[in-house]
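Chain D: place on chain B using the hints.
Residues per chain are reported as follows:
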Amino acid sequence: MNPASTTSRRTLCTPPVPASPFPYNPGSLLSVMDLSLDGLSRLLCRATELENMDPLIRDRILAKRRVALLFYESSTRTRTSFELAAKGLGADTTLVSSLSSSIEKGETLKDTGLTLRALGAEAIILRHNASGAAWLLEQETRLPVLNAGDGMHQHPTQALLDLRTILAHLRPGIQNVDAETLTGVTVMVVGDILHSRVARSNMLLLPRLGAKVILCGPKELLPDLAAVCAPGVTIERDFEAALRQSQVVIMLRIQAERLAGMQLDLNEYKTHYQLTGQRLATHAPQALVLHPGPIIRGLELTAGVADGPQSAILEQVHNGVAIRMAVVERALTAAMQGGRA
Amino acid sequence: MTALVIRGGQLIDPAAGVDGLRDILLKDGRVAEIANPGKLKSSDGAQVLDATGLTVAPGLVDMHVHLREPGQAHKETIATGTAAAAAGGFTAVAAMPNTAPVNDSPEITRWMQVPDRAATVRVFPIAAATRGSKGETINDYAALKSAGAVAVSDDGLPILKDSVMREVLAAAARVGLSVIQHAEDTRLTHFTGGAASMNLGPTSFKLGLRGWPAEAETSIVERDIRLVTELRDARPHLHIAHTSTAVAMAAVRQARRSGLRVTCEVAPHHFLLTDEHVGLYNTNAKMCPPLRAAADRDAMIEAILDGVVDAIATDHAPHAVHEKEVEFEHAPNGIIGLETALGLCLRWLHREWKLPLGRVLSLLSAQPAALLGLKGRGTLAVGSFADVVVFDPQAEWTYRATEGRSKSRNTPFDGFAMQGKVRWTISEGRIAYNAESI
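First to last, the protein sequences are chains B and D. Counting with the numbering used here, you get residues 1 to 341 for the letters of the first sequence. Counting with the numbering used here, you get residues 1 to 438 for the letters of the second sequence.
Hints were generated in silico from the structure; no laboratory data involved. Possibly wrong hints are sitting among the right ones.
[Unchecked claim] The calculated label-pair distances, taken between Cβ atoms and stated as ranges, are:
#1 D:S437 x B:S102: 38 to 48 angstroms
#2 B:E49 x D:H322: 42 to 52 angstroms
#3 B:A256 x D:K134: 26 to 36 angstroms
#4 B:M33 x D:V48: 40 to 50 angstroms
#5 B:D224 x D:D414: 32 to 42 angstroms
#6 B:A118 x D:T2: 50 to 60 angstroms
#7 D:E403 x B:T115: 23 to 33 angstroms
[Unchecked claim] Listed next, the in silico DSS-like pairs over lysine-lysine satisfying Cα-Cα at most 27 angstroms (straight line):
#8 D:K375 x D:K27
#9 D:K354 x D:K27
#10 B:K110 x D:K324
#11 B:K219 x D:K206
#12 D:K324 x D:K134
#13 B:K212 x D:K206
#14 D:K324 x B:K105
#15 D:K134 x D:K161
#16 B:K87 x B:K64
#17 B:K270 x B:K212
#18 B:K110 x D:K421
#19 D:K161 x D:K206
We put the CB at the ideal spot given by N, CA and C, even for glycine.
If we strip away everything but chain B, and leave its shape as in the complex, we get (with noise of 0.2 angstroms):
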């Protein structure tokens, strides 16, 4: 109205974001973001001396520690690898999952935490359907907690597992990260990028190790949006485009569970961004391709591609167990370590 007010407009003082009081637990892992890269670097060290080392001698290293796994849904890989890896550091597990527990009874996630922390629980490894899912149960049980997995937001520990595959093949031997390690490699990122908790952490984390993350998709499944989310993230829609600029191709699954009444045509998705043997050729024929797995045969990518010599979608699942186990590791020694110190 008058321009003393309009002036005054431009430089307006408004309340600040308070800041984050999360990870309440400094051996908790909630998303990529809780590492530095030097915590990175160690973590990946780690999970190299723990995947060599005799296997009773690092029975030892958390004998009789007590871990739960929380699934409130279900999981083939990284359930089992984290199963594994804290087993294989000597520490007994504990599997609750939503379908065999008080969860079907009513019980919430904050009671459901309260109790295992009360049945000795040191960390609770968490899959769950709702974002933000492991921050609610950090927050109400101030246990390290592991998060595999929350809705459509972060699954730190596939990111980790996928660096460590990228880094094996385009940078052999390289495990101290530091903000250039990945230089001049471009990662793209296809298909169903709304829903995926992996491109969500693929896309903070690659891009801080100097990758360029380009994400491929239609629109339905990749807002314009997402590219301003991360830096050092683009958009192409043009699939082979984008292969053509990329050394490294994670395929995503069209994630039907959380569709939730969305119209998609699979055939034209198909069409336009199936992974097949002839785009792989004709485009990227020296790329690595990477899949967080389910994969599905015949919709993302063709057989021949899964199973192809380009493939490290099984390697990717063997990284799994070392990484979880480093990951593991820090959560029950983390605040003993910041003790010390």
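Just chain D now, with coordinates in the frame of chain B:
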């Protein structure tokens, strides 16, 4: 009834055009006399409140609260909600009908106002616009009005169907009631997998939460303004509740220029916070409509400073602690606001953004009272109801939700700096809140 004298305070009564040192005599629930300091003619035997250094203003009016009675007394009751109102300087609150059952009848409307509810300040029910707030069948507005309803609304839900909304506007206009719209096109905010739980934007994408697009608000506001235009001969009054988006505000601005009776309110959280204040899934920053983008928040501030906004309303929506301690997308919508509105408005609208104190107070009293047709409230002219707030305009303090009088604690403003501390709240001549007798 005993008489009360408020002595030595700075009286600010925007509706009466008063801003100066005055003594006030309150008698029989009304303002009996106003005079220069020491000049009251008939104050013998009255209890005296020394307001030296304090501001004396018409009691605040909140045209949008949820008192949760009947049916959800674990969140709030009329007694606790009005106690919170009094602590925040409010002497009148308009209670939304999304109770259990929905207030769509004269019986419930009356039940909310009887002395048994133990209200500390006046409660003015807003009745449901449609049966059960289902957006289908129109209620008997004449009967609701004579039972005490001051407006109609299906708040919490929109009146979605064009034909129903048109009929609601016409029927309410016939009996002289306002229609308060909760502008949310639920076809854009509810999905088979669940409802949107925050503003649609980069933050919702980052957090992996389903987003509430601004269009869901603006499309309903624009549709409603079209209906008011078509019905303009009947002079319907459309009031947009908790306006949160720049485009909706622009539509209200435009409608007003065209001479339509379209008004709006803004809640403190919508002119202060953005979707980034959701942080890492703070369920106490989850409400409907949600915290918006910075550009929307800035548009709310601008509209307040420009005079387009007609009222500040809190949308006080209590929920029990255990109801909010759940996964973000499962948490209920709503935050409490009665005890923080004045402190936030003075701290930000007045001190930071230089809106004159009289205008801030008008947005919190005279204007909402006028919108609801509350005669004799929102002013302290002689003969008005003795609804008064006395506060220290300079006092700075930190709000602690645990110290509040509401039954619930769900607020994103816990720990926020406030300016202006209520000393007394007087409802119809009775001291409803006294800061020193806690």
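Taking the hints in turn, this is what the structure says about them:
{"no.": "1", "hint": "D:S437 x B:S102: 38 to 48 angstroms", "verdict": "47 angstroms, holds"}
{"no.": "2", "hint": "B:E49 x D:H322: 42 to 52 angstroms", "verdict": "44 angstroms, holds"}
{"no.": "3", "hint": "B:A256 x D:K134: 26 to 36 angstroms", "verdict": "32 angstroms, holds"}
{"no.": "4", "hint": "B:M33 x D:V48: 40 to 50 angstroms", "verdict": "60 angstroms, violated"}
{"no.": "5", "hint": "B:D224 x D:D414: 32 to 42 angstroms", "verdict": "35 angstroms, holds"}
{"no.": "6", "hint": "B:A118 x D:T2: 50 to 60 angstroms", "verdict": "57 angstroms, holds"}
{"no.": "7", "hint": "D:E403 x B:T115: 23 to 33 angstroms", "verdict": "31 angstroms, holds"}
{"no.": "8", "hint": "D:K375 x D:K27", "verdict": "18 angstroms, holds"}
{"no.": "9", "hint": "D:K354 x D:K27", "verdict": "35 angstroms, violated"}
{"no.": "10", "hint": "B:K110 x D:K324", "verdict": "11 angstroms, holds"}
{"no.": "11", "hint": "B:K219 x D:K206", "verdict": "17 angstroms, holds"}
{"no.": "12", "hint": "D:K324 x D:K134", "verdict": "26 angstroms, holds"}
{"no.": "13", "hint": "B:K212 x D:K206", "verdict": "18 angstroms, holds"}
{"no.": "14", "hint": "D:K324 x B:K105", "verdict": "19 angstroms, holds"}
{"no.": "15", "hint": "D:K134 x D:K161", "verdict": "11 angstroms, holds"}
{"no.": "16", "hint": "B:K87 x B:K64", "verdict": "9 angstroms, holds"}
{"no.": "17", "hint": "B:K270 x B:K212", "verdict": "25 angstroms, holds"}
{"no.": "18", "hint": "B:K110 x D:K421", "verdict": "37 angstroms, violated"}
{"no.": "19", "hint": "D:K161 x D:K206", "verdict": "34 angstroms, violated"}
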